[in-house]
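Number of protein chains: 2
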Amino acid sequence: MLKTRFRGVRARIAAGACVAMILSLAAISGGAQDTGGISGFAPARVAAERQLEEKLRAIPDAAHAESNLRHLTSEPHMAGTEASHRVAEWLRDQYRSFGFDAEIVTYSAWLPQPREITVELTKPTARKLASPEQPIDVDKDTSDKRVTPAFNIYSPSGEVTAPVVYVNYGTREDYRTLASSGVHVEGKIVLARYGKSYRGIKAKLADEHKAAALILFSDPKDDGSGAGETYPNGPWRPMSGIQRGSIIYTQLYPGDPLTPGVAATPAAKRLAPADAPSLPRIPTIPINAQDASVILENLSGEAVPAEWQGGLPFTYHFGPGGAEVHMKLVMDYQQRPIYDVIAKLHGTSDDEWVVLGNHHDAWVFGAADPGSGTASLLETGRALGELARSGWKPRRTIVICHWDGEEPGIIGSTEWVEANRSELQKKAMAYINTDVGVNGPNFGASANPSLKALLRDAAREVEDPRTGRSVYETWREHAAAFSGEVSGTARQTPATDVSGEPPISALGSGSDYSAFFDHAGIPSMDMGFTGDYGVYHSVYDDFYWMKHFGDPKFTYHPALARLLGTVALRLDEADILPFDFPAYALEIEHVTTDRIRRAVRDEDEQALEPALDAAAKLSISASRASQALQAVSGAPLDPAKASQINHAVAAVEQAFLAPDGLVGRPWFQHVLYAPGSYTGYSSVEEPGVTEALERNDSATLRQEADSLAAALTRASARLDEVARLAQSAKSAAGE
Amino acid sequence: MLKTRFRGVRARIAAGACVAMILSLAAISGGAQDTGGISGFAPARVAAERQLEEKLRAIPDAAHAESNLRHLTSEPHMAGTEASHRVAEWLRDQYRSFGFDAEIVTYSAWLPQPREITVELTKPTARKLASPEQPIDVDKDTSDKRVTPAFNIYSPSGEVTAPVVYVNYGTREDYRTLASSGVHVEGKIVLARYGKSYRGIKAKLADEHKAAALILFSDPKDDGSGAGETYPNGPWRPMSGIQRGSIIYTQLYPGDPLTPGVAATPAAKRLAPADAPSLPRIPTIPINAQDASVILENLSGEAVPAEWQGGLPFTYHFGPGGAEVHMKLVMDYQQRPIYDVIAKLHGTSDDEWVVLGNHHDAWVFGAADPGSGTASLLETGRALGELARSGWKPRRTIVICHWDGEEPGIIGSTEWVEANRSELQKKAMAYINTDVGVNGPNFGASANPSLKALLRDAAREVEDPRTGRSVYETWREHAAAFSGEVSGTARQTPATDVSGEPPISALGSGSDYSAFFDHAGIPSMDMGFTGDYGVYHSVYDDFYWMKHFGDPKFTYHPALARLLGTVALRLDEADILPFDFPAYALEIEHVTTDRIRRAVRDEDEQALEPALDAAAKLSISASRASQALQAVSGAPLDPAKASQINHAVAAVEQAFLAPDGLVGRPWFQHVLYAPGSYTGYSSVEEPGVTEALERNDSATLRQEADSLAAALTRASARLDEVARLAQSAKSAAGE
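Taken in order, these protein sequences are the chains called B and D. Under my numbering, the first sequence is numbered contiguously, ending at residue 735. Under my numbering, the second sequence is numbered contiguously, ending at residue 735.
Read the hints as simulated data drawn from the structure, not as lab findings. Be aware that a few hints might be false.
Because identical chains cannot be distinguished in the list, a pair is counted as satisfied if it fits within a single copy or across any two copies.
[Unchecked claim] Calculated lysine-lysine pairs in the BS3-like style (CA-CA distance at most 27 Å, straight line):
#, residue 1, residue 2
1, Lys128, Lys140
2, Lys426, Lys128
3, Lys553, Lys128
4, Lys145, Lys128
5, Lys128, Lys641
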């Protein structure tokens, strides 16, 4: 009986996907023909839009970008410090000078600063570790006395003396390998190299396996000499370079750990730190490869498998035995201020917002992360300001945000979204993020599927500084040649799409779109130019690095500013928001029918049926909505009707939010995407169902599948409403 | 005209070589048939010799060897210290207990001890280097407080602050590469990795290129992780391991630098240190790979060629630039005592000696170097003592020597040979050396060609502990499978001989046979079992290392004792010394006609002619002598006649000594072999001619070729005298 039913489902789905694909292709090609590559505009308005965009794209320049970055990287400016406040004030003043309505919004977050960090080998011999990053002669910033010792933010204080076990990347799979080799980490200090997963996952897994403490290090194989020449001879991590970073469990919820789901205002009700689920439980500290080599080379026990061997010049061993380490961490936890900068360029309608953002807090100088994005976004802001000064008024309000506290835990954006969630859900058409905006010449992006076409279209309009052809063409060629993961950065480079389009990832986590997308259902995208980058979260991510490796001529910064501006202007000026719902529905069908259905066990098949039905139905609704939107985009519309349609278009995404969130992590409400509970930065598609499947947890699977089906059904209904509104607007326009 | 003459020479030589080869083969096979693999004995005496040897080989055992080594490695015992005196006294007492006539002979050498060693990075940042070797938990000796900081003995005191240039192995070829890349080392600190040449050559070349100082380091690629697992997980050098070592110019003369050619007695006339040619001129210090990595990774400039890249995890650069180092070395130079142990087991004739030796001084604990050889040789001594106690009296006097001061500059043996040169030239039939006697299971040896057959025959009599077959068979198979150089040790593994015999190298330098062979013309050999050995001259060359890697069951130590004893007994008991002159002549002809003659420029050809003639003549004399010796070996001989023959046989080697030595280095008198002036440990054949050829120095070439021709002619005359004595002895014996 199962077989028969199953074939029935497959037949139904295939039919739905096929219809949707045909309609989607028709819609895309139709749109492109009508508007010369600019979607969402009545043909009569395309020329004006193109002219406006070209005017904007002429403004950003290398000199401004470089000067911005030099200012932003002039001192270390960690979140929660007065230096971060100074950056926020400077940014606010910049936007005011551009003609924006800019303000600083302050929150109060639970934030540590390190007071004492001791890491030392005690056996076989006493030797101080936790050595600082070595200053570099040609790069004076690296000897700045204000640099805070490297630490993992949100590590608890603690003191441990224990033998060490090497756990490779510290993933679930790695702990399974250890167990199968008879190596136990209980009571031990585990030594994990960075990579593969978010460090907060490493901390959680170390705790789950009852390790006493965690030491993280950057293996030269991963983002040092194994990748290429090391700083200052090349862009990769030198032996003394340390990756700082947060270990807060953003996989549970980002933002201030004491105020999940609500804004961290002074008056907010707070959890006791001991009760905060996102706070890690075991002492954790990052060290450099030099110090790690001292521990690793002393480890005895079995030699590790080949894929565990890193780039240090000796055979790695699991331990324990051979090396014992003493760690003492004293962290000064306090309520510390977070300074978000919110700058608005008011539009004709203040009810519709296009939001752009990047964080401004940095681990040290933060040239690439986040300064390159900030310097570029500032140029976008300056260009928009100049357009406004020359007489243009945005159709919608453009909101540019520079977040604080991203590094400790995506705090500034999360708190602001939590504070303004319902207003954002009413007004925000989309959120456009950049973070490490430029660390090389290769464009990369992630986005929710309805925004991918818009992003690709915008990339066709901007010239790539290196090739002289469009960013789109360069991106497509590079992606085809280099599909696979780029080391050292959080953004994944997905495999090239079969369609021949350059790939755009799903939104994972690790930057400020998280609260917008995962928690508030605002359509989002993230973009930047990437390259060889081994100085992530180290003192070496500074101006000299950028000037010699990341973007020596500062040509990619203005290119990014042009891209951000082009996307912003299209979203801002569009008659009908150019959201590609059929593409979205197609991805959902692909995940639901091809991936999830194939992975499910026989006994759980039935649980999936409502979701499979809903996904098939969504494809048809998406196609209908798309057709209806195409039909109204050819002619001027009554602004009130258009606004009604656009609000409905933007709000489709919110249909994917489950009111109670994912099982076990209610803050994550989006049923289609979330950072994996055990993967970290990278996105898991249909995360509730997928993770229940992985655990063979039938009860949760049923619950999540129902939640998914309900969300897809809600989205279908909203898309049907979009179609209805569009048809009614078209009728009203007299066609 | 040149062509015609040349063909004439070739024809003449080929004829000589051919005759010699045929005669040589006849001699060898004849000898083997007559005496069952034991050459030099009258057939009637072979059985007794075999019985005696078997009795001797039954005595050495693992327990004694291990106990010897445990005692010898119980404390660091560097030459010139009271600890070295304690070892000498213990050794003397051991031999006395075996029944030897043992004494300590003391010399006074110019020897430094380090008083202050500072090496620190000053740019880009201050960082202390010259870190000590890291103690290892499981190996308590490594945390011994008496370990002297690592240094290069005979470095001058000095203080330098300068940029660093990486010079690869610091060979002549490497400096040419630097020059062709436009990198100059004048006034710089040069950083060279160990390997390829003796470190005293590196020091001399650094000085010749006007470097201000030299830092030596062990690259993990060479004898660390690039070779295999590092200590204590494996036998190779860990990152913190340092190779100490002398940089005295033993290529000019070994021994006390202030008394070249004469014994360093208290009354000896001494050079002023400033005038001593063998003393290095620029401050030199060894560091470990950890410290080297701090310097190397900071070096800027061009990336090095692929063959210069070592095993540290980053791309190496030439420098200068990026790194500046401050070095301050304060050396406490004084006259310090050297304690040789000379132990004699008197024979029936005290006019004929068989000398065996190894040094006893060590850089630190010296388990492999030299303890393994010492522990084994002690077992040989114990075995000989037991044979003597059971009624046997050696035919010749067996002299076992344990030298002091080998590590600083082969001092103890050199001074003793210089003190006793004419007596040795009269009495010593041969010198048998071992040094790093055991650091693995693979037998290796070097010898002058007349002794090679004897050595191979002896190896046929000793069982290899691992294979259960003979050392000879195991050696031959291993050599065939692994021809090439073994890293980390001074002994070369030559390519397998075309004859299918296991290869035996030419005697180079780097151990105590040097004065015997190079300066006094005593036929010599050196042997030991080698293997994976990366702890050379480090604190880790200790008992634990030997017990876990070098010879865990202590089976190779007694095997070496048996080999040394077998060779000694054959030399001691032989009726006619089993020296293979045709083989020697063949090698000389090969070098002279095949190598030298082919390399010579047209204008220098004539200079070679006398040597080519003499070499051809030598082959014929060697064959005749060999035949004559064969003819007398079948029957008992009058002892006085035999003694006369044997003295003549042993003295043939001295014919190869040029009275004035090699041009530019008169201490080296042997015209056939010497350590290369710019290669170090390894031997250069016909060194005077060869090095003059390399320099295109026609004047010296002529002088050296004449010297060579004269030596070969003297040897021919001596061989003719041997033949005459043998024939006359045979006539006298009535056959």
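The hints, checked one at a time:
Both within a single protomer and between protomers do Lys128 and Lys140 lie at most 27 Å apart by alpha-carbon distance, with minima of 26 Å and 20 Å respectively. For the homomeric pair Lys426 and Lys128, neither the shortest alpha-carbon distance inside one copy (56 Å) nor that between copies (61 Å) is at most 27 Å. Proximity of Lys553 and Lys128 under a CA criterion of 27 Å is satisfied in neither setting, with 41 Å inside one chain copy and 37 Å between copies. Taking identical chains as interchangeable, the C-alpha atoms of Lys145 and Lys128 lie at most 27 Å apart whether they share a chain (21 Å) or sit on different chains (19 Å).
For the identical chains of this complex, Lys128 and Lys641 are neighbours neither inside a copy (69 Å) nor across copies (73 Å), given an alpha-carbon limit of 27 Å.
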